[in-house]
Amino acid sequence: MLLAFCYPIFTIFNKPKFVGNIPLLYLYVVISWLLAIILLLVSSEIKPSKKLQKGKDE
Amino acid sequence: MSNSIIIICSLLYLMLLFGVAYYAEHQLKKGKSIINNAYVYALSLCVYCTAWTYYGSVGRATTNGISFLTIYIGPTIMAALFFPVLRKIIRITKAQRINSIADFISTRYGKNASLAAVVSVFCIIGVLPYIALQLKAIAISFDILTKNAISGNNFFSDNTLYFTVFLAVFIIIFGTRSVDATEKHEGLVAAVAFESVIKLVAFLVAGVFVTYGIFNGFNDIFLKANQIDELKKLFTLNGDNVNAGWFSGILLSMMAVLFLPRQFQVGVIENVNEKHLKKAVWLFPIYLFVINIFVIPIAFGGKLVFQNMPIDADTFVLALPLHFNKPLLSMLVFLGGFSAATSMIIVETIALSTMVSNNLVMPFLFRQQNFKTSIDKSIRRTILYIRRFSIILILLFAYLYDQYVAQYFSLVSIGLISFAGVAQFAPAIIGGIYWKTASKNGALVGIIVGFFIWFYTLILPSIAQAHLINESIISNGPFNIWWLKPQSLFGLEGFDSITHALFWSMFFNCTAYFVFSVYSKLIPQEVYQAEIFVDIDKYNSPGSDSIWRGTAYMPDLFSLLENFLGKERANNLIQNYAHRHKIAIDFGSKADPRIVSFSEKILAGVIGSASARIMVSSVTKEEELSLNEVFKILHESQQMIELNKELRKKSIELTKATEQLREANLQLKTMDELKDEFLYTVTHELRTPLTSIRSLTEIVHDNPDLVDEEREKFLGAVVKETERLSHLITKVLNLEKYESGKQKLNLTSFDMNLLVKDLYTSYKLVANEKAINLTITQPNSMLLLHADKDLVQQVLVNLISNAMKFTPEQGKIHIVISDLQNEIQVSIMDTGKGIAKELHELIFDKFFQAKNQTIKKPVGTGLGLAICKKIIEMHGGKIWVESEIEKGACFTFTIPNFEPGNTLIEHNESSI
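Line by line, the protein sequences give chains A and B. Note that the numbering used here gives residue 45 to position 45 of the first sequence, counting from 1, and the numbers run on in steps of one. Take the position in the second sequence, starting the count at 1, then add 58; the result is the number in the numbering used here.
Be careful, since some hints might not be right.
What the hints assert, rightly or not - Stretches of chain A that chain B covers, calculated by requiring three or more beta carbons in the stretch to come under 8 Å of a beta carbon on chain B: (1) 8 to 16; (2) 26 to 36; (3) 40 to 46.
As the list claims (entries may be wrong) - Subject to a maximum C-alpha distance of 27 Å in a straight line, what follows is the list of computed DSS-like cross-link-like pairs (lysine-lysine): (4) B:K282 with A:K17; (5) B:K870 with B:K733; (6) A:K17 with B:K290; (7) B:K703 with B:K333; (8) B:K435 with B:K87; (9) B:K802 with B:K870; (10) B:K579 with B:K690; (11) B:K291 with A:K17; (12) A:K15 with B:K282; (13) B:K727 with B:K800; (14) B:K435 with B:K242; (15) B:K291 with A:K15; (16) B:K640 with B:K579; (17) B:K146 with B:K494; (18) B:K494 with A:K15; (19) B:K828 with B:K870.
The hints are simulated quantities; they were obtained by calculation from the structure and are not laboratory data. For glycine and all other residues, C-beta sits at the position ideal for the given N, C-alpha and C.
The shape of chain B in the complex, shown without the other chains (with noise of 0.2 Å):
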């Protein structure tokens, strides 16, 4: 394939990169966030499989089988503590304004600038030949694809070259946008999210083209794999001690998951809402799976291809689809572990560069006299500018690297060493957010150590086998001294290299780490911070920041962060922090304790905690405070939380009581408006008979001569009118004694068949007067109900009533009795002129009745149903109607019927 084609289509790679940055970007300023996302999140975390994972993992397969398959067992084992570790790591950097891991431990040791300088070299040691590897596997790929030709004999002409300055304006055009450090890259996350799917969809079909199109399966490959003895022996894991590498390799990979710059950068700093660790936690370690399925089949299916041949195993993977002249896939592949190097060179410059912007340049800037003094606006742009070299300046010695030193190296071999190198920092790191003891010191002393025995029994004998220097070190130990050889420190022999120099320089490390941290006395910054960062969840909350005690004027620190943020930022940021803790602000004066904390705080997002405390002491008089009285803060703080907690628990008691009693209130308001309607209607009732009685017994009284006729027809009218006032008051009364509890059930056992016969008998001669048709339907046995036989009665008479009152003559009228299993069923169906559905809940209300006395006055009191329903209620039992204008209506109760003995003689039903 000619350098042309591979050079464009690497370039459209790179535009397409540019685009979908471009596009995340452009939706943030919509105010949508594209990596707001859990699957983008897991996604970015996949930047771990680099060109490594792409290449490298098919060379180490061909050497040592599946050993390889440990780098991505460790991150599924360390998925699983995602929630109590990661979680963590990430509330604390929220809370702190931490931009990086060197931050991170600075941070967590009193922010102590020397311990971050001395974490970002190592990281920058430890990476930088990291970075390189993904520029020699771009342009291994770069050769194997143009035929072996050499991608460049000078300078100008190794595309490598052009790549790295590709990728180099990429990161400064995404990654400096702005000064402060702990915004999100909305841009390169979402660019490096894409990769991840790129490199696997590459890989997956390079997989499925060497498993199925070249062999016939995974069967038909360990088949012709186990007649070759080279391969059979690949089957199992071999070696002296198999174990301790296979168990060294997984705990390595624990930490390197979590402690990589990039994997902090992304999963750590990027992190936009810590509740998508919840998809992270599986979908990560099934990425992990998926890309490795097809690794033992492209590195056998290789080894069979291309049997004495002098093919290098990295190159498996692009060197079989061109082998069998599949130029597009090849080109997909290459491009797949482009995109694999290139995700993992961006984050990974982009956290070095923040690293040497904040806790190398600025520190040292800072402490310059001349420098401080001529701090203004332009420090920003300063800023942004050191952080553009910076990136250059990674990128440059990486290039460097690759091409002088990497030559000399696996991919494989690269790589474990850079996870060696982070590895050093677990102890700080995990020891830092669950041991207060910790402290500088022993983080210090422990990092130093451990990365000298790594250095010692690592990078030089690397550096022996490129024959940098003497390689009888190597094998004879420095000045010959045997017990201090790098590969067998101590006369420790028998392990692979990497695991010999992880324990040593674990063993160390943690031994410095742990005496140091026990014997050192803790300055009171330590100590709160130590607090801080163990019990974060205690403390990460508003107003836990406000250790600072000494003099500052609003002035000095407002300009300090004016310079830094800009004026408008530098105001919102104040003022909404005064606010929401009440503090009053005079920007004339001095500041409140916890505006100089605060002031730290986002000067750290800028340029790192160590930096901001040195600019925020240059404007501020801090007092020294005693280890007691940070432990009064720290009591005094905790106990203000515990405050606010309770008195946030309190509110919402308060608030949800108010509301109940609003709702208490509300009712309680239509009740007595109900009631008020109530008894003027009932009042109204009463008054109708009343005026009656009164206008005939005047009439009597004035007229003394009247008639005896006459006479008695209107004693007669006053009887009657007394006996419906009596039968009102008797009604209301009734009612008021079954809503109040007062009324008891007298409970028999009857024949509600018998009751209803009785009443249908009653009530046909009436029927008949009226020319009405009633008719019943019943069954032809007993059925024993246990109720307050009155009661009953008096509901069926009311309903009864009330039809016959509504039924026009000719009409129809037919009651139904029925046994339901459990419950006895009435129905009373007429054929009058029907209610509205609107009203088939109201009518049985007592207040609806009197609300609508005005506007509609029934007949009757209009509490005959409101007393039915009680009565029917007071028996567990449910009344209802079924009704439409004009097509009569049916009123149906039940009433439960448990009573043992109650017993259906006869079932069949007869109608009359």
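Excised from the complex, chain A in its bound form (with noise of 0.2 Å):
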């Protein structure tokens, strides 16, 4: 997750381009941040529930 925060691959990103009016740096951070959260919804309440238990009964 971090990595698609940071160089290289922000630097991709980070050019004076837009699309659909919006810039392109923006919407990459816009939309990277959302497909993290998206990430961490499904690994939260999917697995944790095991984890959690696992980690009760040690």
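Two chains, two frames, a set of hints: combine them into the complex.
Right, here's the structure in full:
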């Protein structure tokens, strides 16, 4: 996740270009951020119930 | 807008906050905790978004574009580590009854009082400006709302002062109710969660107004911004070391979201249930995402609207609605910013006041012999007074900082400086929970060195910027030593001040932490705590907290606890603990070492682990343990835990086995009872013909002159009864064979259609004699079945005989045979007296028949249907009945027909 927001991937989008009137960098950050949140949502709501149980059992 | 309206609205808002907090406390008294909710927990974590977010992000966006987002992307990335890191910290905190971040670090490194004091002092130094920043935000927003009228020229006409006093009262009322700092602040957390909603809603409303009210959406703003060079360059991140700045911003906020005292307070200390993390992992980042959606539009919108006007960009969110004459919206925005500032002040002040009282004042007092010997029940009141006084003092200093220093800095710069300050705790905390070799010396030197560099590279330039010291120190370095220049230390240039400070402070902090840890000799207490912290899941179970060795007396220990907790609570805690661990308590004799350790832990929740250690040591005589003894204790403790786990596992298995045995026993008992009843029935059935045979043979025996005709009649009856007897015995034996599995199937292929037809023909005559209309419906084809022909015939005979038996004269019996693809189905329908629904299952049970024998004697042996069921089941088929009282019965059975070659030549059905 950290990689998506850091050098070198970040520099690919750090350019003065627009996508549908939205600056490319802004669009990239917003989309990556949203994807990161979705990833967190999926990984925490689907897997951790088992992990938590395991942790508790331990 | 007039001062009085703003003040009244602010006071009303504060009253609402009081109401929310009171309501939460009231609900708790009724046994319902509002904060024991994952959503409330996630919202309370959003105290991270302060006035800095609310006002400062916009200000930063006008100069640095989206670089302000690093402060929110960092926590999103850190959320992914909530389970391995934050959950572990929560578990340790709960197990060790830790009450602040300073207490956490101190407890980890041998409950060292000096370390706790150092961390507390640095927390205050690092965070006090941050609190001041919130007050500054309130003051600025107030001034903006009142059309830039200066809120006060003297001390007593300053509205910020009154807000500060109000907040102090609120915090004292809801934050210092209990002396136990580990107890949850129900009202405060509920209020903070409520404020998170308010600030989000207010900021979104302002954002929608700017984006869609003033402009025509995002596109419009970006198109217009693209025409202005100053804004156009913000569409990308520019600068020499932009990547380093971006990365350091993310890294800094990743650490801040866990280690800022207020984040530690709401995320760890106030956490009610670690399962709440599951929701917080994604809810918290969503909140950060949503609250930042309109930052850029407001920043660019403000720049576009206020071109060439001297408006501070930090205030755009409030200045824009005011500029467009929207007083209600302006008030809502003001209250949003007010809530963002107050929630931060509330939580941060509580966290700091606990540190001041537990890690600075208490240890100092407890070291004074006079104070220590004079401790009595009034100590609880003293602790609360110290905390309340600390709250007043912290807010007072924050207010003074705001009045005399903060004016020289922007909101963002103060916030980032604080972030870099608390980041210095990261190595000691993260290392402390994953690295057993980490030592107190390493942590202490690391934190001190890190803070020194932080102060030198960030605070000193700030002070110089405020003209409080000579600015040449910044430009030329102290004593004109160029490589000591605070903002380009050792010649490192080209980075922004925060990245520069973060790099050097963390570099020296981590190096010192590592080197001093590796080369320090650990004391036994450190080894023990390291083991507990790193392997919390191994030790976080009852009975694992008894490292203490020495002599202690229960009266002294209990008296100590009584003073701090009250007699009733102390007694309850000790009794419960003793009961759980099967420790015999004698309040007049020596204390068990585990009770001593437990007492220290309880006290740690009230006065911090370092102070608790001092107090317990004052009433006990502790033996110094060698490292070997500590390792031995830990080893024994681990073994004990393993043993307990094993025992628990075995106990669960035993419980399961006992339950299974109990069920089996019950089943056996029922079977036994049924067997008895069955035997009774069978013998009863056997006795009836036997009695007849005996009576008849006696008549023949006792009357030799009986006429031949009569003798023959009697002997005929004897033969008949003997046959009946033989028939019954055969059936019982058959049933036994089927049930025991002794009966083997003699499988052959035969035409089921023909078999049924033959039986129909033979029974037709009998039916005619009884005036019963027997009919059949069957396919006009050969229907091959691979089964035991004799047994299938037995089933058919039994079912047809039963139908004949129970169908009255003029009644009807209809046999239907049909092919159902994979099985053959035969139904025998009659117009007899029918069977009650509740008996449909039971009639196939031999025992049921036997049981009901005494109630209602059935015709026949009562074993026929049980045998039929067994035979059908042996063929893998099913048998059932559909019937209602007085409406006849329909017995149906199916037999699977998987054998290849089984063909149905024609499917046309005919009725006879």
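Q. Is the straight-line distance between the alpha-carbon of B:K146 and that of B:K494 27 Å or less?
A. holds (15 Å)
Q.
So is the stretch 26 to 36 of chain A in contact with chain B by the C-beta rule, three or more residues under 8 Å, or is the coverage claim wrong?
A. Since three or more residues must qualify, the claim that chain B covers the stretch 26 to 36 of chain A holds, with 5 doing so at under 8 Å.
Q) Would the pair B:K494 and A:K15 pass a check requiring their Cα atoms to be no farther apart than 27 Å? A) violated (46 Å)
Q.
B:K435 and B:K87 were given as a pair; does the straight-line alpha-carbon distance stay at or below 27 Å?
A. OK: B:K435 and B:K87 at ~25 Å, within 27 Å.
Q: Compare the distance between the alpha carbons of B:K282 and A:K17 with 27 Å, and conclude whether the hinted pair is satisfied.
A: It holds: about 15 Å lies between the C-alpha atoms, which stays within 27 Å.
Q. Is B:K579 within 27 Å of B:K690, Cα to Cα?
A. holds (18 Å)
Q. Residue count check for the stretch 40 to 46 of chain A against chain B: does it reach three with CB-CB under 8 Å?
A. holds (count 5)
(Q) For B:K291 and A:K17, compute the direct alpha-carbon distance and say whether it is at most 27 Å. (A) Roughly 11 Å between the alpha carbons, so the hint for B:K291 and A:K17 holds.
**Q.** Proximity test - 8 Å, beta-carbon atoms, the stretch 8 to 16 of chain A to chain B, at least three hits
**A.** This one holds; 5 residues, not fewer than the three required, reach chain B with a Cβ under 8 Å.
Q. Going straight from one Cα to the other, do A:K15 and B:K282 come out at no more than 27 Å?
A. holds (19 Å)
Q | 27 Å limit on alpha-carbon distance, applied to hinted pair B:K703 and B:K333 | A | holds (22 Å)
(Q) Checking one constraint from the list: CA of B:K828 to CA of B:K870, max 27 Å. Satisfied? (A) holds (11 Å)
Violation of the numbered hints given earlier is confined to hints 5, 9, 16, 18; the remaining hints are satisfied by the structure.
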